[in-house]
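Following the hints, complete the assembly by docking chain B onto the known chain A.
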Amino acid sequence: MNIFDKMMSLDRRWVFLFLIVVCVIAYIVPFEVPIIVEPEVRSIFNFIDTLPKGAIMFIPLDYDPGSMAELHPMTWAIVEQCWRKELKVLMTALSQNGPGMADQALRDIADSMLVEKTYNGVTYPPREIINGIDYCFLGYKPYPSMVMLAMGQNFRLPFPLDYYGVPLDSLPMMQGVNNFDDIAGAVNISGTNSTDYWISYAQGRFNFPLAIGVTGVSTAQYYPYLGSGQIFGIMGGMLGAAEYEELADNPGNAKDSMRIQLAAHLVIIGFVIIGNVGYFMNRRQKKRMQREGR
Amino acid sequence: MKRTSLIVFAVVCLIFVLSWVLKAGTIDGDNAIQDAFLVTLASFLTLAIMSFMYKDNAYYKFAEHLFVGVSAAYWMCVGFWSTIVGNLVPRLSEGLSEAFGVPYLGGELDFGFLTLPYPLLYFIPIILGAFLLFRLVPKVGWLSRWPLAFIVGTFAGLNLVRYLRSDFMSQISSTFVPLLVDWHGFGHFFANFSLAADGQFVAMFSNLVIFLGVVCGLIYFFFSKEHTGLFGKASRVGIWILMITFGASFGYTVMGRISLLVGRLTFLFKDWLGIIS
Numbered sequence: 000m001n002i003f004d005k006m007m008s009l010d011r012r013w014v015f016l017f018l019i020v021v022c023v024i025a026y027i028v029p030f031e032v033p034i035i036v037e038p039e040v041r042s043i044f045n046f047i048d049t050l051p052k053g054a055i056m057f058i059p060l061d062y063d064p065g066s067m068a069e070l071h072p073m074t075w076a077i078v079e080q081c082w083r084k085e086l087k088v089l090m091t092a093l094s095q096n097g098p099g100m101a102d103q104a105l106r107d108i109a110d111s112m113l114v115e116k117t118y119n120g121v122t123y124p125p126r127e128i129i130n131g132i133d134y135c136f137l138g139y140k141p142y143p144s145m146v147m148l149a150m151g152q153n154f155r156l157p158f159p160l161d162y163y164g165v166p167l168d169s170l171p172m173m174q175g176v177n178n179f180d181d182i183a184g185a186v187n188i189s190g191t192n193s194t195d196y197w198i199s200y201a202q203g204r205f206n207f208p209l210a211i212g213v214t215g216v217s218t219a220q221y222y223p224y225l226g227s228g229q230i231f232g233i234m235g236g237m238l239g240a241a242e243y244e245e246l247a248d249n250p251g252n253a254k255d256s257m258r259i260q261l262a263a264h265l266v267i268i269g270f271v272i273i274g275n276v277g278y279f280m281n282r283r284q285k286k287r288m289q290r291e292g293r
Numbered sequence: 000m001k002r003t004s005l006i007v008f009a010v011v012c013l014i015f016v017l018s019w020v021l022k023a024g025t026i027d028g029d030n031a032i033q034d035a036f037l038v039t040l041a042s043f044l045t046l047a048i049m050s051f052m053y054k055d056n057a058y059y060k061f062a063e064h065l066f067v068g069v070s071a072a073y074w075m076c077v078g079f080w081s082t083i084v085g086n087l088v089p090r091l092s093e094g095l096s097e098a099f100g101v102p103y104l105g106g107e108l109d110f111g112f113l114t115l116p117y118p119l120l121y122f123i124p125i126i127l128g129a130f131l132l133f134r135l136v137p138k139v140g141w142l143s144r145w146p147l148a149f150i151v152g153t154f155a156g157l158n159l160v161r162y163l164r165s166d167f168m169s170q171i172s173s174t175f176v177p178l179l180v181d182w183h184g185f186g187h188f189f190a191n192f193s194l195a196a197d198g199q200f201v202a203m204f205s206n207l208v209i210f211l212g213v214v215c216g217l218i219y220f221f222f223s224k225e226h227t228g229l230f231g232k233a234s235r236v237g238i239w240i241l242m243i244t245f246g247a248s249f250g251y252t253v254m255g256r257i258s259l260l261v262g263r264l265t266f267l268f269k270d271w272l273g274i275i276s
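So the protein sequences, as listed, match chains A and B. Residues in the first sequence are numbered consecutively from 0, following numbering that gives the first Met the number 0. Residues in the second sequence are numbered consecutively from 0, following numbering that gives the first Met the number 0.
Okay, chain B solo, but in the shape it has when bound:
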């Protein structure tokens, strides 16, 4: 480690301790020292992550790796306690339920022609789950393909039906909109002309935009015909429609990122520095 880096590290540590002590003095309660440590640590980690905006550095890397490690460990614990202890154990064994301090649910599963006790049925996911771990043992690693095949097959089957309906059929049907909304002739249209958001003109204009947008967007992705003449012009409109969509997404993305910055600023100014209430 370079001398400069050591000095910077020492200064950071010094500021951390100083901040911790000052923060502990402002917190009431029995856990003041611990709470002050956690707030100070979170603040320094926030600043460490933000330091990447200047350039990549050791503090950023430390915060990043810490986050990944803690998240992975937390996920594993949540998975164990919520799924294995929360779901499996109460249905598997009375003794195990007692050992983990969860109520035993027991019960039977009635198929009509056959009644099975819960524990018997739940041995299937246990066995498949164990097979997944066999991947760590090369000799029997092939067994892990069975549960994987089950998972992939199940999801493929379910997704096909679900997404076909929600992302394909429903979306197509929602573009079949009437271009003349509540149409009773030109006289009626001009007599009741209004620019209100729920008015006839706006509804017709919106539907026209949807219709043209979909047609021109599809034309842009149709490559079997050269994009010239009227077809080319429609294709140009299509790319404009796409650009407007991307622009809207980008605008929302900027807002999202600024929201994250606001969240961190709130934490730094309110919880750590206590400048604002």
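Chain A with its partners taken away, still in its complex shape:
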């Protein structure tokens, strides 16, 4: 077996091991990676940033702990931005494993609001976030498409009670809030195919401004909807989250993880090149041997 054969038949376990070692080193050794913000992420930030105080942002979180690493930073950055701008947040979790995680995220972000912070040169005083006044978490219901159509009529149809068992009518924030006509816009953060439903069933039927934050795996498939104007913004995977953190001047896990992404991508590109060099050199060698009649 020559060197080119070895390059092509490298045991995948070496690749995994090398990748993990590089990731761990990149994780421990701090260095900064420049983040270039794309227009499709900036449009989401600008949309929220220009909303008047008291407007309602609808944030359906349709992911479970499996997609947390990619999507949680988006949730954190957007919800914190909404609350710092004194917007109200209406939230659902249409993924079965999501409600508990979404509830925890709301509590953690509410805790972080108790501290004074400065973002993009503006100092925001500490604020206590109160359930029912600053946010309403509707929780989970099965069959997302049916739930969306029902919400289009009235949020109370699929969600007579919020996640904590309180009737929606008794929540101050929900007074006069009936359906999608009463929200300023929506950002669906999703690790499932529920984004299809939000685009087709909710936005397509009720025509409200919708942006999405999706996992890296499914980002490419949603770009056509951006081109057709069905969504006004898209955050793709951890990179999208990092771009949003950069815009919000709120560095978190996503921006911090970009150096690991960079290192891992370089390793993968390196192995792709090794495999291709092995393949082409091997082919060249075989052709030469055929020509020489060996």
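Where hints are given, some of them may not hold.
Claimed, not checked - Here are a few chain B residues that face chain A, going by a calculated C-beta distance under 7 Å:
(1) MET52
(2) GLY85
(3) PRO102
(4) TYR162
(5) GLN170
(6) SER173
(7) TYR251
(8) LEU259
(9) VAL261
(10) GLY262
(11) LEU264
Claimed, not checked - Straight-line C-alpha distance at most 25 Å; calculated DSS-like pairs for lysine-lysine:
(12) A:LYS52 / A:LYS84
(13) A:LYS5 / A:LYS286
(14) A:LYS116 / B:LYS269
(15) B:LYS54 / A:LYS5
(16) B:LYS60 / B:LYS1
(17) A:LYS285 / A:LYS5
The hints are simulated quantities; they were obtained by calculation from the structure and are not laboratory data. Note that the Cβ used here is the ideal one computed from N, Cα and C, for glycine as well.
Showing chain B alone in chain A's frame:
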């Protein structure tokens, strides 16, 4: 079980207990032992899943089956408490609402010509739901086809209209783009030439790429004519367009998978080992 496997199992258990004890010492609060156990268990399950990268093994299988079992049970509980208790019970009966500790909503549904109390209406989904369970009884299993037919029919009807608009009409109309954007003649074009992302040249170039991409992509899937000559060349461009699309998807997929690894590394190094803050 082989002797080696037993020794490995014993070592894993020993490390688990040791890690649990050490972790409990670093956590403050009344639930330190329980929290330390959960963090240690989650870490070991993470490592068990990762061990598949070496080769399939019993620890991986255990973690996988545990995940599937816990997820299924969790889904069932969430479904029961959010749908049956959260949606149905408050509209069905005051007594049941009281028993489950949820407020009774009652109310009526006004059709204009007919007013029905909520409980009466909600017996329809109860009956259809019960029919679904009849599948478990062979003699009356045929009854389960009624709710299934209702579900399939409803979704087929809804999807047809919704997807026709969002995934068909909207996508086609978005490819009808002007090839000459803001065109006022060549003089104006060259006088204001700019490579800025929002400039005229980039807009025209983008629209041209969309136009050619769609046409060539469609030609690649048109098999009623042999792919030779100009048609064949357009087909080759079409496959390049497809390959670039798949490449972009693959790049995002790699990023997604690395993100998951980052998430797990963060958990292991921060929550379990406490190496980083």
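Quick rundown of the hints versus the structure:
The criterion of a C-beta within 7 Å of any C-beta in chain A is met by B:MET52, whose closest approach is roughly 4 Å, and the hint holds. The beta carbon of B:GLY85 comes within 6 Å of a beta carbon in chain A, closer than 7 Å, and the hint placing it at the interface holds. Checking B:PRO102 against chain A by beta carbon gives a least distance of about 5 Å; that is within 7 Å, so the hint holds. A cut of 7 Å between beta carbons decides the hint on B:TYR162: the least distance to chain A is about 6 Å, and the hint holds.
Taking 7 Å as the C-beta contact cut-off toward chain A, the hint placing B:GLN170 at the interface holds, the least distance being around 6 Å. With a cut of 7 Å, the hint placing B:SER173 at the interface with chain A holds, because the nearest CB-to-CB distance is about 3 Å. The interface hint given for B:TYR251 holds, since its Cβ lies 4 Å from the closest Cβ of chain A, which is under the 7 Å cut-off. Given the 7 Å rule on beta carbons, the hint for B:LEU259 holds: about 6 Å separates it from the nearest Cβ of chain A.
Among the interface hints, the one on B:VAL261 holds; its C-beta lies about 4 Å from the nearest C-beta in chain A, closer than the 7 Å criterion. The interface hint given for B:GLY262 is met, as the beta carbon of that residue sits about 3 Å from the closest beta carbon of chain A, less than 7 Å. Checking B:LEU264 against chain A by beta carbon gives a least distance of about 6 Å; that is within 7 Å, so the hint holds. Taking the CA atoms of A:LYS52 and A:LYS84, the gap is near 7 Å; set against the 25 Å cutoff, the hint holds.
Of the supplied pair hints, the one linking A:LYS5 and A:LYS286 holds, its CA atoms being roughly 19 Å apart against a limit of 25 Å. For the hint pairing A:LYS116 with B:LYS269, the CA-to-CA distance comes to about 24 Å; that is within 25 Å, so the pair holds. Distance hint between B:LYS54 and A:LYS5 is fulfilled; the C-alpha atoms sit about 21 Å from each other, no more than 25 Å. Between B:LYS60 and B:LYS1 the alpha-carbon distance is near 17 Å, which keeps this suggested pair within the 25 Å criterion.
Distance restraint check for A:LYS285 and A:LYS5: the Cα-Cα separation of roughly 15 Å lies within the 25 Å cut-off, and the hinted pair is therefore satisfied.
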